[in-house]
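Based on the sequences and whatever the hints tell you, model everything.
Protein chains in written order, with the working numbering: chain A, 1 to 291; chain B, 1001 to 1160.
To be clear, the hints were calculated from the coordinates, so they are not data collected in a lab.
The structure presented is a predicted model; accordingly, all values stated were derived computationally and were not measured.
The beta-carbon is built from N, C-alpha and C at its ideal position, and this holds for glycine as well.
Hints are not guaranteed to be accurate.
What the hints assert, rightly or not - Beta-carbon label-pair distances, calculated as ranges:
| id | chain 1 | residue 1 | chain 2 | residue 2 | range |
| --- | --- | --- | --- | --- | --- |
| 1 | A | Pro-173 | B | His-1095 | 49 to 59 angstroms |
| 2 | A | Glu-249 | B | Glu-1009 | 50 to 60 angstroms |
| 3 | B | His-1044 | A | Thr-258 | 15 to 25 angstroms |
| 4 | B | Leu-1087 | A | Asp-266 | 49 to 59 angstroms |
| 5 | B | Glu-1009 | A | Arg-288 | 45 to 55 angstroms |
| 6 | A | Gly-259 | B | Gln-1016 | 48 to 58 angstroms |
Claimed, not checked - List time: in silico DMTMM-like cross-link candidates among lysine to aspartate or glutamate, alpha-carbon distance up to 20 angstroms:
| id | chain 1 | residue 1 | chain 2 | residue 2 |
| --- | --- | --- | --- | --- |
| 7 | A | Lys-90 | A | Asp-67 |
| 8 | B | Lys-1082 | B | Glu-1118 |
| 9 | B | Lys-1149 | B | Asp-1126 |
| 10 | A | Lys-2 | B | Glu-1032 |
| 11 | B | Lys-1149 | B | Asp-1121 |
| 12 | A | Lys-2 | B | Asp-1027 |
| 13 | A | Lys-90 | A | Asp-133 |
| 14 | A | Lys-2 | B | Glu-1020 |
This is what each chain is made of:
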Amino acid sequence: MKPPPFEYNDPATVSEAVALLARYGDEAKVLAGGQSLVPLLNFRLARPERLVDINNVAELNYLRVGDGSVRIGALLRQSALERSAEAAEKVPLLREAVCLVGHAQIRNRGTVGGSVAHADPAAELPVALTALDARFRVLSERGERVLSAEELFVTHLTTALEPDELLTEIEVPVPSPGTGSAFVEFTRRHGDFALGGAAVLVRLAGDGFCEGAAIALLASAPKPVRAGEAESFLRGRRVDDDTAHQVAELAVQGITPTGDIHGSSDYRRGLIQALVRRALLSAAGRAREAS
Amino acid sequence: MTTREVAIEINGALFQRVVEPRLLLSDFIRHEARLTGTRVGCEHGVCGACTVQLDGAPVRSCLLFAVQASGHSIRTVEALVKPNGELHPLQQAFHESHALQCGFCTPGFLMTLEPFVEHADPALLDDETIREALAGNLCRCTGYQNIVKAVRLAAERIHA
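Take a look at the structure:
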């Protein structure tokens, strides 16, 4: 249970980090909080030749809460997001999701950007950010690109980041007034990876009818997915038990979660369906409270 | 073999060594600083036995490299007891409440819970909050009931 040997760089600036990735990208791995990468190294499931440790890149450790968006530097610790009352006020879904990540000790070291770049389909933050239509800023010596969640998350533990690219910022638009949100998941034990989950945002008009919705599913596929059909179905309807039931049914149509010793594929589909229904009713309740 | 010079402050003392980048902080603490109170359990961030404080925040020392702690300040369980041998109120509460049996996991619990009890308001401290705070540490002996009791007792005494 000791990591294999590796070369080590700890750049102090983004430009140094990006230069190192340009030079060594293919053989290097970026080390952020290390809460997923270091276990993989300890098990020797990953054997990168070089680690580019970005923990000293202070310019990436920020949280900027504006009127229109919350901007999260790639090195922001999960615990810092959890403690930010300002961010929680603007985007309540972020705090609800981040509080479910691992345990307090994990969140003290783990970063928001690291969770995104690791792209575990059972991780909470990628699902919340998918529901929130977050934009992901990515930098290399070749230039900068901004990706959507749909473009960024490719499959299990795989993103569209090229070997020379570094995730630098996540920009989360502040949901419009009248929006309620909820993040719901099920775990056997507190802090375990969830067997299923759902992040839901619902915007209600003054008359109680749904004006817009976002539904993202956790552990339903090799990457976070949006339930597009369920979202369209919901628009223009009143959110009651009956609608929630139908939306949840639509949301899991066509998904085939990976079954394992903790739950079969069918069980997980049923679970996610129930969680979508709960999250939707809870989000709609919060939208009504807010208006 | 690549090596690096590190200077890590542990419990107020500075440890300067030349280490491989792959040396885990947990191993640095035990083998280089010779502080064996910090326990190594699963070595992949699940059990919490190796929890120490990095600049005041509880973290898993098996998920950090010693090189990453250079220039930072680490606190381990050895820092809790006073020089005259008096136990920290949290240790005393663990002792009185029978919150440990074999004791292997205890240093990790203590380093996780110390900042928690310092900041907790005993009047608002329900069992769920305590259990949430200690959820990242595994204990195979006690069944946790007495650990929850000890946390409450310590919080009451510290904030009396």
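Run through the hints listed earlier and report the numbers of any the structure violates, in increasing order. Nothing - there is no hint that the structure violates, so all of them hold.
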